[in-house]
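Student: Construct the complete structure from the given sequences, taking the supplied hints into account.
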Amino acid sequence: MSKVLMKGNEAIAEAAIQAGCRYFFGYPITPQNEIPAYMAKRLPEVGGCFIQAESEVSAINMVYGAAGAGARVMTSSSSPGISLKQEGLSYIAGAELPCVVVNMVRGGPGLGGIQPAQSDYFQATKGGGHGDYHLVVLAPSTIQEAVDLVMEGFDIADQYRNPVMILGDGMLGQMMEPVEFRPLSTKRQLPPKTWATTGYTGERPRNIINSLFIDPQALEEHVRRIYQKYEEIKKNEVKVECYNCENAEIIVAAYGTTARIVKSVIQKAKHEGINVGLIRPITLWPFPTSTFEEWTQREHVKAFMAVEMSMGQMVEDVRLSVNGRKPVFFYGRTGGMVPEPNAILSEVKKVIGGVSR
Amino acid sequence: MTKVFTRPKSLTDKPFHYCPGCTHGIVHRLVAEAIDELGIREKTIGVAPVGCAVFAYEYFNCDMQEAAHGRAPAVATGIKRVLPDRVVFTYQGDGDLAAIGTAEIVHAAIRGENITVIFINNAIYGMTGGQMAPTTLIGQVTATTPYGRDPGKAGYPIRMSEMLATLEGSAYIERVSVHDIKHINQAKRAIKKAFETQLAGKGFSMVEVLSTCPTNWGMTPVEALKWLEQNMIPYYPLGVKKEGK
Chain A
1 MSKVLMKGNE
11 AIAEAAIQAG
21 CRYFFGYPIT
31 PQNEIPAYMA
41 KRLPEVGGCF
51 IQAESEVSAI
61 NMVYGAAGAG
71 ARVMTSSSSP
81 GISLKQEGLS
91 YIAGAELPCV
101 VVNMVRGGPG
111 LGGIQPAQSD
121 YFQATKGGGH
131 GDYHLVVLAP
141 STIQEAVDLV
151 MEGFDIADQY
161 RNPVMILGDG
171 MLGQMMEPVE
181 FRPLSTKRQL
191 PPKTWATTGY
201 TGERPRNIIN
211 SLFIDPQALE
221 EHVRRIYQKY
231 EEIKKNEVKV
241 ECYNCENAEI
251 IVAAYGTTAR
261 IVKSVIQKAK
271 HEGINVGLIR
281 PITLWPFPTS
291 TFEEWTQREH
301 VKAFMAVEMS
311 MGQMVEDVRL
321 SVNGRKPVFF
331 YGRTGGMVPE
341 PNAILSEVKK
351 VIGGVSR
Chain B
1 MTKVFTRPKS
11 LTDKPFHYCP
21 GCTHGIVHRL
31 VAEAIDELGI
41 REKTIGVAPV
51 GCAVFAYEYF
61 NCDMQEAAHG
71 RAPAVATGIK
81 RVLPDRVVFT
91 YQGDGDLAAI
101 GTAEIVHAAI
111 RGENITVIFI
121 NNAIYGMTGG
131 QMAPTTLIGQ
141 VTATTPYGRD
151 PGKAGYPIRM
161 SEMLATLEGS
171 AYIERVSVHD
181 IKHINQAKRA
191 IKKAFETQLA
201 GKGFSMVEVL
211 STCPTNWGMT
221 PVEALKWLEQ
231 NMIPYYPLGV
241 KKEGK
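So the sequence lines, in the order shown, correspond to chains A and B.
Quick note, the first sequence lines up with residues 1 to 357 if you use this note's numbering.
Quick note, the second sequence lines up with residues 1 to 245 if you use this note's numbering.
By construction, these hints were calculated from the structure, which means they are not laboratory data.
Don't take each hint at face value.
Pair by pair, the computed Cβ-Cβ distance ranges are [as the list claims (entries may be wrong)]:
id, chain 1, residue 1, chain 2, residue 2, range
1, A, Leu111, B, Tyr156, 28 to 38 Å
2, B, Thr102, A, Val223, 27 to 37 Å
3, A, Thr30, B, Asp13, 51 to 61 Å
4, B, Gln131, A, Leu5, 54 to 64 Å
5, A, Glu45, B, Gly139, 53 to 63 Å
6, A, Val223, B, Glu42, 28 to 38 Å
Even for Gly, the Cβ is constructed at its ideal location relative to N, Cα and C.
Tutor: Below you can see the structure in the form of structure tokens.
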């Protein structure tokens with residue numbers, strides 16, 4: 001299959017269609033507007049349905065209804081819009097419905113700006129809505145990876161009956177790269193959607209899509225069962241890239257757009273005789289904790305440093321994973337400011353100077 | 001012996017949890033009878049609201065989805081777009097439909113979403129303990145209008161049926177009441193007609209049912225029926241508000 005040059009947002013939309021998504025409910029917000037626009041054009045061509053909802057709240061509840069009816073369905077938004085979708089995401093997680101949600105993060109809090117940021121990490125990985133639940137959070141750093149993860153994301157969602165979030169940012173959404181739409185490398189056994197509300201003919205038990213458990217004991221049992229599922233996800237679905245970590249004095253943790261920048265920092269550092277490694281979580285939830293644990297055992301690693309486009313959110317997970325075995329530092333820009341390679345390099349040098357003194 | 005009165009197939013055997021004298025039970029039955037008579041139970045998917053009817057999914061003997069507060073029309077939209085040949089209905093109270101879910105109901109109607117909405121208007125929030133609803137009448141005492149609803153402070157009661165009837169996408173909108181046998185029979189006809197509207201693919205249909213809440217109104221069931229007739233009907237006139245095409 002040949003490669004095509006595509007804008008990130010449009011590539012994500014096409015990937016969803018190729019993954020069998022036929023329903024999209026969304027609401028415009030910058031910088032992800034190309035996704036709904038692309039879906040509005042393409043879905044009717046493949047017998048699907050696009051609705052521009054009256055709000056993000058409504059869009060996510062249309063997703064809930066469509067997912068409950070057994071369809072592959074997606075919505076997309078950016079930070080303030082994702083905040084509005086949190087109510088629905090909590091219900092979708094509670095009712096165990098599969099869907100894919102794209103968040104092209106922009107600077108916040110509040111209305112913030114429209115430039116790329118990573119300041120929705122807490123919201124994406126720690127629940128976001130009310131109650132005990134997790135989304136599976138996939139953080140691509142190239143458009144090709146975004147395409148692959150969107151396609152796999154639908155399978156992950158169906159396999160575990162859990163919402164999957166693609167966490168990108170304005171940079172990934174707006175830039176162009178050559179991409180190839182290729183079949184998934186792993187074939188999963190997807191359970192049939194026997195639970196979907198498609199009409200009760202008596203051939204199966206009556207299906208109810210619900211997240212209400214008035215009896216606290218029943219609710220605790222339900223939540224505990226969901227958490228068993230999360231344990232399975234943690235066991236099976238962690239994705240992480242380790243880059244130049246062998247012999248690295250310092251390992252930088254970065255994801256998405258920031259990880260791309262860190263890769264060029266690593267090249268610059270090499271020219272100056274400094275060995276910098278990168279651990280790039282691809283799944284932000286489940287977080288690649290054991291990968292960090294492993295690298296803390298290495299003598300040559302003096303310190304870890306999280307680099308993020310936030311005031312320091314993922315660094316908390318890095319600290320938990322490193323668990324005091326090595327020092328953990330942080331460098332971040334926020335508000336839509338993208339860190340410069342030189343600035344990151346000088347922070348790296350400061351850390352190395354400090355820990356090897 | 002000939003059986004002349006049986007439980008509708010579209011209701012489960014589960015006993016209702018509703019308060020004594022509450023008319024939810026009557027309306028549930030009317031909806032179930034309409035579904036039975038149209039022979040559509042096997043292709044009907046219901047959407048239950050938040051509020052007193054939150055357990056509606058336990059009573060209607062068809063596939064059901066439980067929606068977040070006010071979001072039932074959006075959930076129903078998602079279902080109907082995936083399964084356009086099925087019958088999709090929401091069952092919503094006045095807090096659900098006329099306050100927190102106003103945007104959802106208005107836009108479902110604007111889109112001409114081919115769903116049926118059963119709207120229970122009892123002029124109060126039941127489940128949360130008798131607070132003011134958007135439909136609470138002027139002067140009506142509730143937990144949050146202890147001096148009676150003062151429009152200067154709390155605004156005016158909303159007439160949803162009249163409002164939605166102005167929208168191009170609405171195909172059939174009628175307000176009915178269940179305070180006596182005659183009106184119950186009229187309500188049944190309206191509910192059936194609303195489902196027929198959907199079956200004909202005509203677009204959005206809604207039946208607003210004036211209902212009682214003896215518990216939160218602080219009345220006996222009989223007093224409540226009288227109060228409905230004397231106070232609600234003058235403000236919420238019964239009848240067809242929209243019938244197109």
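Student: If a hint holds in the structure, say so; if it doesn't, say that too.
Tutor: Structure-based check of each hint:
no.	hint	in the structure
1	A/Leu111 - B/Tyr156: 28 to 38 Å	32 Å, holds
2	B/Thr102 - A/Val223: 27 to 37 Å	32 Å, holds
3	A/Thr30 - B/Asp13: 51 to 61 Å	53 Å, holds
4	B/Gln131 - A/Leu5: 54 to 64 Å	57 Å, holds
5	A/Glu45 - B/Gly139: 53 to 63 Å	57 Å, holds
6	A/Val223 - B/Glu42: 28 to 38 Å	33 Å, holds
The structure meets every hint from the earlier list without exception.
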